[in-house]
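K.L.:
With the sequences and hints as input, model every part of the structure.
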Amino acid sequence: MEWSIQDIARSAGTTSRTLRHYGTVGLLEPSRVGSNGYRYYDEQALVRLQRILLLRELGLGLPAIAEVLDGQRDRVAALETHLELLEQERQRIGRQIASVRTTLRKLKGGERLMAEEVLDGFDHTRYEKEVTERWGADAYRRGDQWWSSLTADEKKAHQQEQRDIAAAFGSAHSTGLAADADDVQAIARRLHAWLRPAVSSVSAGYFAGLGQLYVDDPRYGFEGPAAEFVRDAMKIYAERNLTG
1 MEWSIQDIAR SAGTTSRTLR HYGTVGLLEP SRVGSNGYRY YDEQALVRLQ RILLLRELGL
61 GLPAIAEVLD GQRDRVAALE THLELLEQER QRIGRQIASV RTTLRKLKGG ERLMAEEVLD
121 GFDHTRYEKE VTERWGADAY RRGDQWWSSL TADEKKAHQQ EQRDIAAAFG SAHSTGLAAD
181 ADDVQAIARR LHAWLRPAVS SVSAGYFAGL GQLYVDDPRY GFEGPAAEFV RDAMKIYAER
241 NLTG
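Using my numbering, you'd call the opening residue of the sequence shown number 1 and step up by one each time.
Treat the hints as calculated values from the structure; they're not laboratory data.
Be careful, since some hints might not be right.
Subject to a maximum C-alpha distance of 27 Å in a straight line, what follows is the list of computed BS3-like cross-link-like pairs (lysine-lysine) [unchecked claim]:
#1 K155 with K108
#2 K156 with K108
#3 K155 with K106
#4 K106 with K156
P.N.:
Structure, rendered in structure tokens:
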């Protein structure tokens, strides 16, 4: 049994371009390539793709996923580990759903809200270890204090600006603009301004390093050539406008 790249992309909710990129970096090779150049995937490739998607959902970047897959030859044992992690995530989401339902019920009934009920399942500190390891404990503390000081509307506005910046980068890349084009550098300037309230001082090294993180970590919404485009734009902006 095998599937075409279009069938696989449609079933996985991704794109043929992404699957080809996975093949280019050695993460997911097609089981065969037809005489017409089309790529086909067998059951073994299908299971490997499932593992890749599961690891991405857990927040791993492509290099880290490759290391995990190379180190786990027993597919059954690996999937059992994935299943355990997914069960934990389902429990967390279930707690969030129950929390929101409780909040709605109490608001409608005029009942007193309890913090432990309203916030059950929500943990904004889950990235503390990652941020501390990358940029230090002080960076996490400053960012956490700044975020906690915002109102709900301010948080929504900040998150929307992030989505708008990502969309602008995506549009610029799809239209074939160069990373050093004025319009692209204007988007990089928006990103720099977006970061400053949380980070305080955004050095050239920090900004360029964050660009590389966009390539390495799919949680930031970019992948393949698009991520490399954003990285290059940020590096150029850092070299032209920032120090340190």
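K.L.:
Please list, smallest to largest, the hint numbers that this structure does not respect.
P.N.:
Violated hints: none; all satisfied.
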